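*Asks:* Listed below, chain by chain, are the residues.
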Amino acid sequence: MSILSEAQAKAILDKVVALSTADETSAQLTGGVQGNVRFARNDISTSGIVDDADLAVQVAFGKRVGVATINQFDDASLERVVRRAEDLARLAPENPEYMPLVGKQTYRPTDTYSASTAALTAEARARIAQASIDPCRGRGLVAAGFLEDGHTFFAHANSNGNFGYQQSTGADYTCTVRTEDGRGSGWVGSNVQDIEQFDAANDVQIAMRKAAASVDARALEPGKYTVILEPAAAAGLVSFMMNFFDARSADEGRSFLSKAGGGNKIGEQIMDPRVNIYTDPWHPEVPVLPWDGEGLPRQKAPIIEGGKVANLEYSRYWSAKQGKPETAGWGNIIMEGGTKSTADLIAGTDRGILVTRTWYIRLVDPQTVLLTGLTRDGTFYIENGQLKYPVKNFRFNESPVIMLNNIDELGRAVRVKADEGGTMLLPPMKVRDFTFTSLSDAV
Amino acid sequence: MFGKAIAAEQLQDRIDVAVKRRFADAALSAATAAGASYCDVRVGRYLRQFVITRERNVENIVNTESTGTGVRVIADGAWGFAATQDMTEDAVAEAARQATAIAKANARTQTAKVQLAPTPGVGEVSWRTPIKKNAMEVPIADKVDLLMAVNEAALGAGANFVNSLLFLVNEQKYFASTDGSYIDQDIHRIWAPLTVTAIDKTTGKFRSRDGLSAPMGLGWEYMDGRPEDKFVLSNGLTTYGNSYDMKEDAIAAAQDAQAKLKAPSVKPGKYDLVLDPNHLGLTIHESVGHPLELDRVLGYEANYAGTSFATLDKREEGFKYGSEIVNIFADKVQPGSLGAVGYDDEGVKTKRWDLIKDGILVDYQTIRDQAHILGKNESDGCCYADSWSSVQFQRMANVSLAPGKAKLSPADMIAGVDNGIYISGRGSFSIDQQRYNAQFGGTVFYEIKNGKLGPMIEDVAYQMRTPEFWGACSAICDASDYRMFGSFFDGKGQPSQISAVSHGSSTSRFDGINVINTARSLG
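As they're listed, the protein sequences go chains L and C.
Numbering of the first sequence is given in this note's numbering, commencing with residue 27 and proceeding in unit increments.
Numbering of the second sequence is given in this note's numbering, commencing with residue -5 and proceeding in unit increments.
Keep in mind that the hints were calculated from the coordinates and are not lab data.
Since the model is a prediction, treat every value here as computed from it, not as a measurement.
Please note that a few of the clues may not be correct.
Unchecked claim - With a straight-line Cα cutoff of 25 Å, these simulated DSS-like cross-link-like pairs (lysine-lysine) come out: (1) K199(C) - K127(C); (2) K250(L) - K264(C); (3) K285(L) - K199(C).
Unchecked claim - Partial pick of chain L residues on the chain C-facing surface, computed with a CB cut under 10 Å: (4) F87; (5) E120; (6) P122; (7) P126; (8) Q156; (9) C201; (10) D225; (11) N228; (12) D229; (13) Q231; (14) R235; (15) V390; (16) S425; (17) E446.
Glycine included, C-beta positions come from ideal geometry on N, C-alpha and C.
Chain C extracted, bound-state conformation (with noise of 0.2 Å):
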């Protein structure tokens, strides 16, 4: 029995590839046996620890393990899908043959038959995160103390409240097609987010100020908080980079919390925005990334995330998707980044390509059995699941903006601003299901005036309209203040799934939008 042949495993050992191949090979001949003329095989072992404190407490450590076998195939032109947690050759090939029996029942109301764009088989072949350290192997009392530490210093320095956490996945896959193609994949990922909340007990006002961190594709390197990683503004303002200095932002976040209880509210206006990597990521992610996902803008997400503005006649006119200095990339090869892995999860090797180019939208993203609709013979190697027991779809790439050819610091954009708000962090987001009108909030707002950056301010949020804000973009600072921003839990897709993503940019520039005041009160 399998199951026998993983139970000494530790949480860093991996299932014997040999195994992975047999289920594979058993799934694949099940599928072909009951008619199906293409199958995939995903055998998945996937991982995640969860370390949870507040204040002096660790309120959780949790480990979790998910290991199962998803297959999906072509049947009659139809695509059918089932999973088994049941690591057996037989429930694996019974689940071949059920996805087949399904796509048999589907093709029965379908009347445009699955087309693959080819992708050749690459034999076996392996991939893993190029990590340092693997964060799992870290002993749980280091990452205890370290979160202890961190919370301890946050209320050194005037938190009421703290809370500090560590994600860590590591996803452990292994792909086989019916194309010849036997990929084993180690995939790493790492977050380590923080809050800290300030309060006026007098007042009943209270305020929280979330860390700076953004999750990452690397191993436990992450959290060494090198000097070379930080980006430093002239108020002291610490933004990071490769690494995270998780203890120095939780005592910046305790001083900017309770600097939030007493900041003034923002007037409503026009302003010039400029927006650190660490905030415009998220703006990239809901404004461009999203809606140039093919699958969206063809109407196949229209019930749930939606359809997209961006529509394919816009590429064919060249839609003037923002200013002339805009060139987003779409990616999966980024070091470091969310999205990196060496082949997606139906086999295609990962690249990156061009996706808005001097202001023009000229690309999307796409998979395979839509890459035909844009004329292409290729996939982008956008495809994905979050298990082993999710049917793999077109998730969004690392979507980044490519920093500005001039050399230009943070400190000489603002220097020419004079009547701006400057915004690091994410806040609340909020867009439409076409992409077009969007409300983004942030972690810290400071005044702009005059070239100067000026004090904290509160309760902003900007409404933009897509083409528009991008069309605002005056100015984007140089390859040197190149950063990714990261969502670990992006939610696209019924049944919903997750998926981690980063999205690149430096410091950028943003003329005349919208602010509104969000104070309210409740009487």
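Excised from the complex, chain L in its bound form (with noise of 0.2 Å):
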């Protein structure tokens, strides 16, 4: 299948359209070629190349709907995908939050595609795991890492004459580095749009660097300290905040962002005034499709300003029925900062623990967004402005919304991917009171 050309493309969602019985019908296809190379005990473990794409088919008689999928684009194949859609819409119930498909749009293309990340082979892949193999063996240190690659199209179109096309690319690289003996750990992290911008040997030496360092963590007593969040460790707490942004559920009295007596809180101040967030699909370091799942067109918009809510997130439903403007969905996260680099950050903290990862972060309190999670992969004690000495890693119970109350300095914004979260932009940040409830024992 490999990449589909936007006229091959619009050429498959054309017949869906023109197949369908139903009032209404939409289809999304999407697909591309993912490659990855994975290593562990310096050596390489798993190597492959996905080739496959996917048609999502929702089909609506009034407000009954049905959607199917499939990933065989044969004729017989497209008509069976689009009568399956429209027996589930049969046998639905109305559905009365139902909104009729959005009209034919006009969409301003994002750069997401870089041809140097499309061209990458298998023998590249390799030799990105070697360079990062290569400098471990023989001194007493071991890689274990993963980078996937991806060239993907996504095309969609609906019978109210509505088409959009457009190519991807990315890469995501990480790469823990261990002692021989298990004492130590150091990570890094890489992720960007043109893998010419990437240098796994250069990224390596961070991770090395910190394995060597981590060696005979001292154990500190649990409590509140200052932290430096490196910006990957930021991102776990950040990231999942964000999935909360939702307008419905605040109104509906069932988030962080629900006001006591009713209605959300737009408009108050929730952190500190240094805190200002946005979504721009066109920004140049993570730009994201120029539309949003329901083919709406994203624009540039604030999400918190100032410290104060600026904007929540809006389902077409949900913004007719509180009157507000019809918005697209987010698809990416800016968080602005300063100039300073994290190791300028540590310069200038007089104490404070260095936390280079955050790791299996869960919700614990919805009510105040409390996550509970661990570090990982690189904590050290600060002292005068210098790393004093390895800690051992803590886990923490700490809501971002409080976080970012405590904010004593951000630092420049950078690319990152956070664990479990998707590519945003965000800021190292120094961060008082933080919350550690207890020591792990993992290094």
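Two chains, two frames, a set of hints: combine them into the complex.
*Replies:* In structure tokens, the structure reads:
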């Protein structure tokens, strides 16, 4: 299948729309080639290429809706997926919240494609793994890591004549380096759209340094500490919090953004005034597709402005019900920062803890977005502007809302991908009174 | 064209086995011709159905189907993998050649050649989840009617909001290898989660209570809610075994969600915990299942899921993992479990084996290319891929706590606790990358005072260090209380894959566990 051209994708989608006997039909066709190489114990462990595409068809008879997907595109399969969606729709009760499809839209393309990433070969992936492993061999260090790259296309069409097509590329690299005796561990991650911006040999040095420096970690008492969260460490908490900006949940009284007595917190100060978070599909460092899942054109929009809630995310149904203008779902999250690097933040810190990475973050209480998780792969005590010694990992119980009220300083924002979240632009941050509740023996 | 051959199929139909064998043979031949010393092929058709509702609306009904072939080879001592959704013999053969080329590229940097534990070829065989009623064949209208009745019942019992869902999975998997196996399997799973939310608009407080069902390797018969499958506590709390009364649970959930709004906050400190199987399963999963996966122990998952505190030397020294009453076994065969299959995804016949015996660590879970590291000459049959397009690797088997040998009911157990907390259902869960330090919440919590179940309490989470926690296990109810918890979307690996796995246990007691209070204020 590989990458379908705009004309090929449109031909399939037009067929689907033409095949449908429903009142409304929309279809999304996505696919591409994903390559990966995985290494561990200083050897490549698995590597592969997956070539796939999926077609999702949604049809509606009045407000009765059905969805079916398939990954075969011969005429008979296209007919089958349309009929299956129609069968489901006929059987479904009316959904009073169903919204008529969007009309024909105009999209301003975003720059989501890099030819160099699309051209990555199995040999090149193996060389990246080799560049990560070689410096560790013979130095008492063990590398484990993963590179995944993709060249994908996304096309959608509907029975109102709307159509969109765009290609994207991306590559995500992570590497954990451990000492052979298991007493030290370091990590590095890099997420790029253009593979030319990535240098494994350079990046792995960071993980190697942290692994060597984290041996013989000392135990500090759990409690409240000033911490410097590297962007990857902050990403886990901030990306989790961003899942709770749904307007409907807030209006219904089941969100941290609900107001006592009813309504939501738009316009209210909920964080430090230095916190500014927005979405922008055209941002040059984290561009995303110019439309959302409904086909609405994405726009640049503030989310937190000066620490106040500027916008929540509205579904089309909820915006109509609340009399709000229809806006697209957010595709990326950008948090503004300052100009300092993580190293600069460390240099300006009398006492604190540097956190390289956070891990296994889960929601404890949605009322306050209280999250628990752990530090991992490089946790160090800072004294008089320097990393003094490694410390044992901690479990934290902290709300990112409280954390973003306790900001001392923000550094320069960088592109980062959370372990279990999407790509975002996020600064390293120095935060006071971060709550560690227990020690972990894990290295 | 093969595409036309399957075009007339309905959801419950299957690809002809002869067609799958043709694809498999095309790949095996192409890989061998390209220089592969081993090849396995998985021709998969993965069907899923989701019915998603909230309050009085059906939000969505979705059927998904994904068909394709994954080819894995060993060439020059290294693995290579390629997958294609193009269902033609030419495309499958090309994927086999691509996988072989990738293996050869990897071999140039590899220092240790892959060693496979022997697995006998089994010829042409088949296996099917022993379901009584294929949920995919149940009319959509029946499913919608059920969920609408569930939601109505919850709303009538005090819920402000209710979400209920049905997740149905059917994996039609055909495996063939150069060892001479052609294995056709038909796997079924079902899950019926619900969440009820109650709000107090005046204070802005809200609380949710999830359903107390478990995802299972069963058919539609799971939704029968048979009386003999109910486990009822003295305060009326009802949990479920091999079938589920969803409407009854929805009513209880609505009442519990309202009660949670007014329930007192826990006083932090040490408590004796009495853990229902529908809660304890997740603790077993995180603190026993994952750390005893051999690939984690060896460092293959170091970059993401992590490693394990339970290193190989601990097995040699007879490491005390828990108290003497703790016996934990792995299996891929328990009827009704999510992990049950006839053969794993590298053609190994499944079995049951011990992991912890009388509190002592005795074994791990492993697959063909790592068994030799344990000195084993056979795989445990734990290999799984979540799609034809994913490379198979070591996944958790069902890992279960054996019931106590002496007669003991949950009521008897509670009667012996002076200062404790009873926990049922899954809540927040988090554990470190070596599986030492964990924190678990739950769905419902009840105070236990002087041998009696007291009122509901809130804001409870317990923190533990794995060996101390299992060392504090002081009592396990007998087999009559045994039932399975399930994890439907267990994530592992890079690229991340999901798998479904069950954990059986009886209600168990853990003494002197540290409980924290999770209430905070946003000011």
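*Asks:* Run every hint past the structure and note whether it holds.
*Replies:* Structure-based check of all given hints:
Between K199(C) and K127(C) the CA atoms are separated by roughly 42 Å; this puts the pair beyond 25 Å, and the hint is violated. Simply put, K250(L) and K264(C) have alpha-carbon atoms about 22 Å apart, close enough for the 25 Å limit, and the pair holds. Pair hint K285(L) plus K199(C) holds up; C-alpha atoms about 10 Å apart against a cutoff of 25 Å. Residue-level restraint check for F87(L) is violated (minimum Cβ-Cβ distance to chain C is 13 Å; threshold 10 Å).
Checking E120(L) against chain C: minimum C-beta separation of about 9 Å stays under 10 Å; hint holds. Taking 10 Å as the C-beta contact cut-off toward chain C, the hint placing P122(L) at the interface holds, the least distance being around 6 Å. A hinted interface residue such as P126(L) counts as satisfied when its beta carbon comes closer than 10 Å to some beta carbon of chain C; here the least separation is about 16 Å, so the hint is violated. With its C-beta approaching chain C no nearer than about 5 Å, Q156(L) sits inside the 10 Å limit, and its interface hint holds.
With its C-beta approaching chain C no nearer than about 7 Å, C201(L) sits inside the 10 Å limit, and its interface hint holds. Interface restraint check: D225(L) against chain C, minimum CB-CB distance 18 Å, threshold 10 Å, status violated. Hint status for N228(L): violated, given a least beta-carbon distance of 18 Å to chain C, over 10 Å. Annotation: D229(L) was flagged as interfacial toward chain C, and the flag is violated, the nearest CB pair being 13 Å apart, outside 10 Å.
Given hint, Q231(L) at the interface with chain C, is violated; its Cβ is 16 Å from that chain's nearest Cβ, farther than 10 Å. Against a cut-off of 10 Å between C-beta atoms, the interface hint on R235(L) is violated, since the closest Cβ of chain C lies about 17 Å away. Here the hint on V390(L) is kept, as its CB sits about 5 Å from the closest CB of chain C, short of 10 Å. Interface hint status for S425(L): upheld, as the beta-carbon distance to the closest one in chain C is roughly 6 Å, under 10 Å.
A cut of 10 Å between beta carbons decides the hint on E446(L): the least distance to chain C is about 8 Å, and the hint holds.
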